[in-house]
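Colleague: As they're listed, the protein sequences go chains A and B. The first sequence: position 64 = 395 (the working numbering), numbered continuously. The second sequence: position 56 = 57 (the working numbering), numbered continuously.
What the hints contain is simulated information worked out from the structure, not anything from laboratory work. Here the structure is a predicted model, which is why all the values come from computation and not from measurement. Some hints here could point you the wrong way.
[Claimed, not checked] Quick list of simulated restraints, FRET-style, between CB atoms: (1) N29(B) / I342(A): 34 to 40 angstroms; (2) L379(A) / D39(B): 38 to 44 angstroms; (3) E375(A) / T112(B): 14 to 20 angstroms.
[Said to hold, decoys possible] Calculated cross-link-like contacts (lysine to aspartate or glutamate; reagent style DMTMM-like; alpha-carbon spacing at most 25 angstroms): (4) K334(A) / E63(B); (5) K334(A) / E2(B); (6) K72(B) / D360(A); (7) K58(B) / E375(A); (8) K401(A) / E387(A); (9) K334(A) / E54(B); (10) K369(A) / E71(B); (11) K369(A) / E54(B); (12) K58(B) / D360(A); (13) K334(A) / E357(A); (14) K72(B) / D386(A); (15) K401(A) / D57(B); (16) K58(B) / E387(A); (17) K334(A) / D57(B).
Cβ atoms here follow ideal geometry from the backbone N, Cα and C, with glycine treated the same way.
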Amino acid sequence: AQKVTQAQTEISVVEKEDVTLDCVYETRDTTYYLFWYKQPPSGELVFLIRRNSFDEQNEISGRYSWNFQKSTSSFNFTITASQVVDSAVYFCALTPDSGSARQLTFGSGTQLTVLP
Amino acid sequence: EAQVTQNPRYLITVTGKKLTVTCSQNMNHEYMSWYRQDPGLGLRQIYYSMNVEVTDKGDVPEGYKVSRKEKRNFPLILESPSPNQTSLYFCASSWTLAGDTQYFGPGTRLTVL
């Protein structure tokens, strides 16, 4: 069985601070994919990143960066110089990389509030 | 524009009155799925479909039905809604599932009184 844990239920920061959202996962699969989605107050789910378990390189996209550590089963997400528009719920998710995959397993989400 | 659409976006209904939430995608994706989102629980899968006429239960299928008669459409049916089905529902699609990015519809907020 798979499991994704986002232990931080809510985080509040002041604009321009850096913030890291934690994601820890459990899986028996040897290969898998990890995702991050953003859910702004408007409610839609916005895809942010997809990472294969083979690729342990960190990734940076503008103010966003992701730190994948297979040894600790973590896939943390950092926002640098946060902005009010970053306020949203962020979900981490996991799926096996195999034909037996049937669903994305989501964490419970982290509500990020960026204060002006 | 590639997209997943859901209708209606908002619905208030009463216990026991059958309803259908439609989902359609224009990307020729094989895989489609329904999730419900509840506070503190993240998203939980209700049903999924690997292709036309192929559907299966997810983690929380009780009280729901689906059908996949055409590749682009995957309606969610609540035959006799109850208040515990009050939730935010998302439809998603992808080429397959193993590692493909799922694209989500805008969500349907359902309230059952």
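Colleague: Look at each hint and say if it fits the structure.
Modeller: Evaluation of the provided hints:
One distance hint, 34 to 40 angstroms for the beta-carbon pair N29(B) and I342(A), holds here, with the actual separation near 39 angstroms. Here the CB-CB span from L379(A) to D39(B) is close to 22 angstroms, at odds with the stated 38 to 44 angstroms. At about 19 angstroms, the beta-carbon gap between E375(A) and T112(B) stays in the expected band of 14 to 20 angstroms. Using a Cα cut-off of 25 angstroms, the hinted pair K334(A) and E63(B) holds, with the two alpha carbons roughly 22 angstroms apart.
For the hint linking K334(A) to E2(B), the alpha-carbon distance of about 34 angstroms lies beyond 25 angstroms, and the restraint is violated. Among the hinted pairs, K72(B) with D360(A) is inconsistent with the structure: their alpha-carbon atoms are about 29 angstroms apart, more than 25 angstroms. Note on K58(B) and E375(A): the hinted pairing holds, with a Cα-Cα distance of about 24 angstroms set against a maximum of 25 angstroms. The straight-line distance between the Cα atoms of K401(A) and E387(A) is roughly 7 angstroms, inside the 25 angstroms bound, and the hint therefore holds.
A C-alpha spacing of about 29 angstroms is found between K334(A) and E54(B), which places the hinted pair above 25 angstroms, so the restraint is violated. Distance restraint check for K369(A) and E71(B): the Cα-Cα separation of roughly 30 angstroms exceeds the 25 angstroms cut-off, and the hinted pair is therefore not satisfied. Between K369(A) and E54(B) the CA atoms are separated by roughly 32 angstroms; this puts the pair beyond 25 angstroms, and the hint is violated. Of the supplied pair hints, the one linking K58(B) and D360(A) holds, its CA atoms being roughly 21 angstroms apart against a limit of 25 angstroms.
Note on K334(A) and E357(A): the hinted pairing holds, with a Cα-Cα distance of about 5 angstroms set against a maximum of 25 angstroms. The suggested pairing of K72(B) with D386(A) is violated, with an alpha-carbon distance near 33 angstroms, which exceeds 25 angstroms. Taking the CA atoms of K401(A) and D57(B), the gap is about 31 angstroms. The hint is violated against a cut of 25 angstroms. Under the criterion of a C-alpha separation no larger than 25 angstroms, the hint pairing K58(B) with E387(A) is inconsistent with the structure, at around 33 angstroms.
Proximity of K334(A) to D57(B) is assessed by CA-CA distance (about 21 angstroms); at most 25 angstroms being required, the pair is judged to hold.
The structure does not agree with the numbered hints 2, 5, 6, 9, 10, 11, 14, 15, 16 stated previously, though it agrees with the rest.
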